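**Student:** Generate coordinates for the entire structure from the input sequences, incorporating the hints supplied.
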Amino acid sequence: MVSARRSGARRSSHPVAAVFLVAVAVVVLSPLAFAVVASLRTDAEVAADPLGWPSTPAWGNYGRAAEAMGYGRAVLNTLVVTGGAAVLTVLAGSLCAWALTRHVRRWTGALYQVFVAGLTVPVFVVLTPVYLLLRDLGLINTHLGAVLAHAALNLPFAVFFYCGFLRAVPVELEEAAVLDGCSTPRLFTAVVFPLLRPATATMAVFVVLAVWNDLIVSMLVLDDETLRPVTPAAYALVGPYGFEPSTLFPAVVLAAAPLVAVFLALQRHIVAGITAGAGR
1 MVSARRSGAR RSSHPVAAVF LVAVAVVVLS PLAFAVVASL RTDAEVAADP
51 LGWPSTPAWG NYGRAAEAMG YGRAVLNTLV VTGGAAVLTV LAGSLCAWAL
101 TRHVRRWTGA LYQVFVAGLT VPVFVVLTPV YLLLRDLGLI NTHLGAVLAH
151 AALNLPFAVF FYCGFLRAVP VELEEAAVLD GCSTPRLFTA VVFPLLRPAT
201 ATMAVFVVLA VWNDLIVSML VLDDETLRPV TPAAYALVGP YGFEPSTLFP
251 AVVLAAAPLV AVFLALQRHI VAGITAGAGR
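Residues 1 to 280 (full-length UniProt numbering) are what the sequence shown spells out, left to right.
These are calculated hints, taken from the structure and not from any lab test.
One or more of the hints may lead you astray.
[Stated by the list, open to error] Okay, the calculated beta carbon distance ranges per label pair:
#1 L173 / P54: 58 to 68 Å
#2 T226 / V260: 24 to 34 Å
#3 T184 / F243: 24 to 34 Å
#4 L51 / L21: 16 to 26 Å
#5 E67 / V104: 12 to 22 Å
#6 P258 / V171: 37 to 47 Å
#7 V27 / L137: 35 to 45 Å
None of these values were measured; they are calculated from a predicted model.
Beta carbons: idealized from backbone N, C-alpha and C, even for Gly.
**Tutor:** In structure tokens:
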């Protein structure tokens with residue numbers, strides 16, 4: 001009798017959960033849907049009725065927006081910065097976390113706390129020191145400078161994330177490899193790093209999302225318009241006195257399209273990596 005009541009309660013809660021999920025999806029997708037619809041309208045139509053539908057889809061808006069923002073060059077710049085930052089963050093974060101969790105010393109606990117404290121520091125606090133450091137190194141307006149800046153800002157979370165994952169990995173696997181004569185570099189590349197594959201997939205997705213959608217750091221480090229990623233390139237279409245909707249909204253859609261396409265294509269692998277990382 002009790003089990004029947006519980007199963008009935010679970011069945012009755014399903015419609016409520018479904019309605020809640022649909023409402024959340026509508027709220028999340030509404031800005032993207034508005035941008036897509038507005039990108040197919042003329043400036044006059046948007047001014048007359050901002051929430052209306054296009055009388056005739058203006059597909060030519062996308063061509064003009066791509067030309068105005070230098071879309072091909074901007075995407076290439078984004079791929080270089082995003083890929084470099086993801087690789088550097090994953091390598092540095094996993095190596096640092098491995099050292100902190102496996103080679104414990106008196107100072108490793110304090111160093112770990114420093115990385116954790118880095119998660120609480122707002123990005124605006126470190127923008128000036130990062131800019132001055134890159135300027136003194138001659139890395140302003142270079143892809144390398146942008147890669148280093150993004151990797152440094154994402155490193156505290158990477159260390160925190162990998163440390164939590166490594167604490168659940170049996171240390172006996174590494175000890176057995178050492179007894180077999182495995183050197184330290186090979187121990188990491190052949191034993192430890194493959195075990196971190198689920199965490200690495202999750203971390204790489206996090207960094208790619210953060211760097212692709214970044215505006216502030218990219219505008220600070222990459223002032224040259226020929227080096228701008230897609231997000232600053234789209235923002236550059238906003239003038240001091242306004243913007244043209246027929247250019248800005250297509251640029252926003254074009255900036256987000258590659259990231260959405262990659263996420264849809266790899267969503268199974270992304271979810272599997274997040275689930276495996278959480279399961280540990």
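**Student:** Go ahead and decide if the range 12 to 22 Å is satisfied by the Cβ distance of E67 to V104.
**Tutor:** violated (57 Å)
**Student:** How does the Cβ-Cβ distance of L173 and P54 compare with 58 to 68 Å: does it lie in that range?
**Tutor:** For P54 against L173, whose Cβ atoms are near 59 Å apart, the range 58 to 68 Å holds.
**Student:** Within 24 to 34 Å: is that where the Cβ-Cβ distance between T184 and F243 falls?
**Tutor:** Violated - the Cβ-Cβ distance for T184 and F243, about 55 Å, lies outside 24 to 34 Å.
**Student:** Is the distance from the Cβ of L51 to the Cβ of L21 consistent with 16 to 26 Å?
**Tutor:** holds (25 Å)
**Student:** For the range 37 to 47 Å, tell me whether the beta carbons of P258 and V171 fit it or not.
**Tutor:** Taking Cβ atoms as reference, P258 and V171 lie about 41 Å apart, which means the hint holds.
**Student:** Does the Cβ distance between V27 and L137 fall inside 35 to 45 Å?
**Tutor:** Between V27 and L137, where Cβ atoms are some 43 Å apart, the hint holds.
**Student:** Does the Cβ pair T226, V260 satisfy 24 to 34 Å?
**Tutor:** holds (26 Å)
In this structure, the earlier hints numbered 3 and 5 are contradicted, and the remaining ones agree with it.
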